[in-house]
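> Kindly produce the complete structure, drawing on both the sequences and the hints.
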Amino acid sequence: AQKITQTQPGMFVQEKEAVTLDCTYDTSDPSYGLFWYKQPSSGEMIFLIYQGSYDQQNATEGRYSLNFQKARKSANLVISASQLGDSAMYFCAMSHTSGNTPLVFGKGTRLSVIA
Amino acid sequence: GAVVSQHPSWVICKSGTSVKIECRSLDFQATTMFWYRQFPKQSLMLMATSNEGSKATYEQGVEKDKFLINHASLTLSTLTVTSAHPEDSSFYICSAREVRTSVGATGELFFGEGSRLTVL
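Keeping their order, the protein sequence lines are chains A and B. The first sequence begins at 111 in the working numbering and counts up by one. The second sequence begins at 269 in the working numbering and counts up by one.
Hints were generated in silico from the structure; no laboratory data involved. Every value quoted in this text rests on a predicted model; they were computed, and no experiment measured them. Keep in mind that the hints are not guaranteed to be accurate.
In silico DSBU-like links for lysine-lysine, alpha-carbon gap of 35 Å or less [unchecked claim]: (1) B/K309 - B/K323; (2) B/K309 - A/K126; (3) B/K334 - B/K309; (4) A/K113 - B/K334; (5) B/K309 - A/K113; (6) A/K126 - A/K180; (7) A/K180 - B/K288; (8) B/K309 - A/K217; (9) B/K309 - B/K288; (10) A/K183 - B/K309; (11) A/K113 - B/K332.
Facing chain A, from chain B, some residues (calculated, C-beta under 7 Å) [said to hold, decoys possible]: (12) T300; (13) F302; (14) S311; (15) L312; (16) L336; (17) F359; (18) R365; (19) L377; (20) F379; (21) E381; (22) G382.
Every residue gets a Cβ at the ideal spot worked out from N, C-alpha and C, and that includes glycine.
Below you can see the structure in the form of structure tokens.
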């Protein structure tokens, strides 16, 4: 079974600063994908970044980067130069890469960016 | 990019009535769609996997007779909450992945806008 753990219910960050949102995972499958989604108050799920278990390099997408440490089973999201619009819920998720499988989500972290 | 559309966005109904939520993949075919439920301040919990042309697969604890799923075509899945009660009030969100055979099933999972159900 897959499990995602996000231990930070809430985080605060000063505008323009960087912030790291923690995510650890557990799976017995050697082939998997890790995802981060942003959910603003409107409820929509916004895809941020993806990391495959066999990817050699950490994924980056603009101000988002994923600090993938496979041995530690962690996939932390780093947001650089935080903006007020980054305030939202952030969910870490994973899925098997064999077959069309659903995502399993962590409990989420609420990020608040302070001016 | 691929888009998944969900309708309605908001629905308020009386206790005992049934509500249908539609999930459409707009520019790709989805043989499989996933339905999630999210209670306030909680995470997304998988309810069921909707399979085109066959029965849905429900997660443990989800009543299949209460949450009817129909996946009649490659672009449409519907979730019907039958005899809704106040405890069914929640945010329901569907998702689908555009499977690219050259890449496998590692593609991004696209989500609908979600449907907020309030049962009075």
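> Each hint needs a verdict: does it hold in this structure or not?
Quick rundown of the hints versus the structure:
{"no.": "1", "hint": "B/K309 - B/K323", "result": "31 Å, holds"}
{"no.": "2", "hint": "B/K309 - A/K126", "result": "27 Å, holds"}
{"no.": "3", "hint": "B/K334 - B/K309", "result": "24 Å, holds"}
{"no.": "4", "hint": "A/K113 - B/K334", "result": "27 Å, holds"}
{"no.": "5", "hint": "B/K309 - A/K113", "result": "19 Å, holds"}
{"no.": "6", "hint": "A/K126 - A/K180", "result": "29 Å, holds"}
{"no.": "7", "hint": "A/K180 - B/K288", "result": "42 Å, violated"}
{"no.": "8", "hint": "B/K309 - A/K217", "result": "9 Å, holds"}
{"no.": "9", "hint": "B/K309 - B/K288", "result": "24 Å, holds"}
{"no.": "10", "hint": "A/K183 - B/K309", "result": "26 Å, holds"}
{"no.": "11", "hint": "A/K113 - B/K332", "result": "24 Å, holds"}
{"no.": "12", "hint": "T300", "result": "5 Å, holds"}
{"no.": "13", "hint": "F302", "result": "4 Å, holds"}
{"no.": "14", "hint": "S311", "result": "5 Å, holds"}
{"no.": "15", "hint": "L312", "result": "5 Å, holds"}
{"no.": "16", "hint": "L336", "result": "19 Å, violated"}
{"no.": "17", "hint": "F359", "result": "6 Å, holds"}
{"no.": "18", "hint": "R365", "result": "6 Å, holds"}
{"no.": "19", "hint": "L377", "result": "6 Å, holds"}
{"no.": "20", "hint": "F379", "result": "4 Å, holds"}
{"no.": "21", "hint": "E381", "result": "5 Å, holds"}
{"no.": "22", "hint": "G382", "result": "4 Å, holds"}
This entry does not satisfy hints 7 and 16, going by the numbered hints stated previously.
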